[in-house]
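> Next come the chains, spelled out residue by residue.
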Amino acid sequence: QVQLVQSGAEVKKPGASVKVSCKASGYTFRDYYIHWVRQAPGQGLEWMGRINPNSGGTVYAQKLQGRVTMTGDTSISTAYMELISLTSDDTALYFCARGGGHGVPATFDDWGQGTLVTVSS
Amino acid sequence: DIQMIQSPSSLSASVGDRVTITCRASQDISNYLAWYQQKPGKVPKVLIYAASTLRSGVPSRFSGSRSGTEFTLTISSLQPEDVATYYCQRYISAPQMFGQGTKVEIK
Chain A
1 QVQLVQSGAE
11 VKKPGASVKV
21 SCKASGYTFR
31 DYYIHWVRQA
41 PGQGLEWMGR
51 INPNSGGTVY
61 AQKLQGRVTM
71 TGDTSISTAY
81 MELISLTSDD
91 TALYFCARGG
101 GHGVPATFDD
111 WGQGTLVTVS
121 S
Chain B
122 DIQMIQSPSS
132 LSASVGDRVT
142 ITCRASQDIS
152 NYLAWYQQKP
162 GKVPKVLIYA
172 ASTLRSGVPS
182 RFSGSRSGTE
192 FTLTISSLQP
202 EDVATYYCQR
212 YISAPQMFGQ
222 GTKVEIK
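Residue numbers (the working numbering), protein chains in the order written: chain A, 1 to 121; chain B, 122 to 228.
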């Protein structure tokens, strides 16, 4: 079965950066987009962007352009999301989710367990 | 600017009531609209995709419809286990953004 396992919780100071990993199993990693979604405490779901692991191509939410970088390592079936210049507004639960295969539009049926990133001085 | 406008932000209804949540897309997304249910401490779960297709295993009291760029999620008879936050999502292409969410509670 499809599994997405994320790295553990992080505590960062304002201005720092964080890199969260998402290890995939149960399917061919390079064939499906990986999306990143975050959820601030008590708030809604915010789509951050996606990566095509096969090509490395990315699309980022306009709001995060310049601060977020998504990468993938097909040799270990792992996707990464790095966010720089952190502020308290970046405190959130960060999820990876599997998107469509071969670029086909699709819902997010499989999610990682979430990684809590806390930004505090 | 691409937007998904969802309303209301919260609602309170009695068990057995019919509940309706609306999501309006700022541009044509055809039928590429999904509804998710998220319970506290859990990841979101797809209830409906392609605007009106029920995901396998989802109770038939949930239904979805489309009129142009306006989409509706209906719970025909609200049950206690339906207490959750519901989100719409456009998935025709990136950005695959979500609506702001609707928190459903029992009166």
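These aren't lab readings, by the way, just hints derived from the structure by calculation. Certain hints may be false.
Heads up, simulated DSS-like pairs for lysine-lysine below, C-alpha to C-alpha not over 30 Å straight-line [unchecked claim]:
1. A:19 / A:63
2. A:23 / A:12
3. A:63 / B:224
4. A:13 / B:163
5. B:160 / B:224
6. B:228 / A:63
7. B:228 / A:23
8. A:19 / B:228
> Now tell me if each hint is right for this structure.
Each hint, compared with the structure:
Restraint check for residue 19 (chain A) and residue 63 (chain A): satisfied, since their Cα atoms lie roughly 18 Å apart, inside the 30 Å limit. Simply put, residue 23 (chain A) and residue 12 (chain A) have alpha-carbon atoms about 22 Å apart, close enough for the 30 Å limit, and the pair holds. Our distance criterion of 30 Å between C-alpha atoms is met by residue 63 (chain A) and residue 224 (chain B), whose separation comes to about 25 Å. For the suggested pair residue 13 (chain A) and residue 163 (chain B), the alpha carbons sit about 27 Å apart, so the restraint of at most 30 Å is met.
Proposed proximity of residue 160 (chain B) and residue 224 (chain B) is supported: the alpha carbons are some 10 Å apart, at most 30 Å. For the given pair, residue 228 (chain B) sits about 37 Å from residue 63 (chain A) by alpha-carbon distance, which is inconsistent with the 30 Å threshold. Distance restraint check for residue 228 (chain B) and residue 23 (chain A): the Cα-Cα separation of roughly 42 Å exceeds the 30 Å cut-off, and the hinted pair is therefore not satisfied. Between residue 19 (chain A) and residue 228 (chain B), the direct Cα distance comes to roughly 42 Å. Violation of the 30 Å bound is thereby established for this hinted pair.
When held up to the earlier numbered hints, the structure conflicts with 6, 7 and 8 and fits the remainder.
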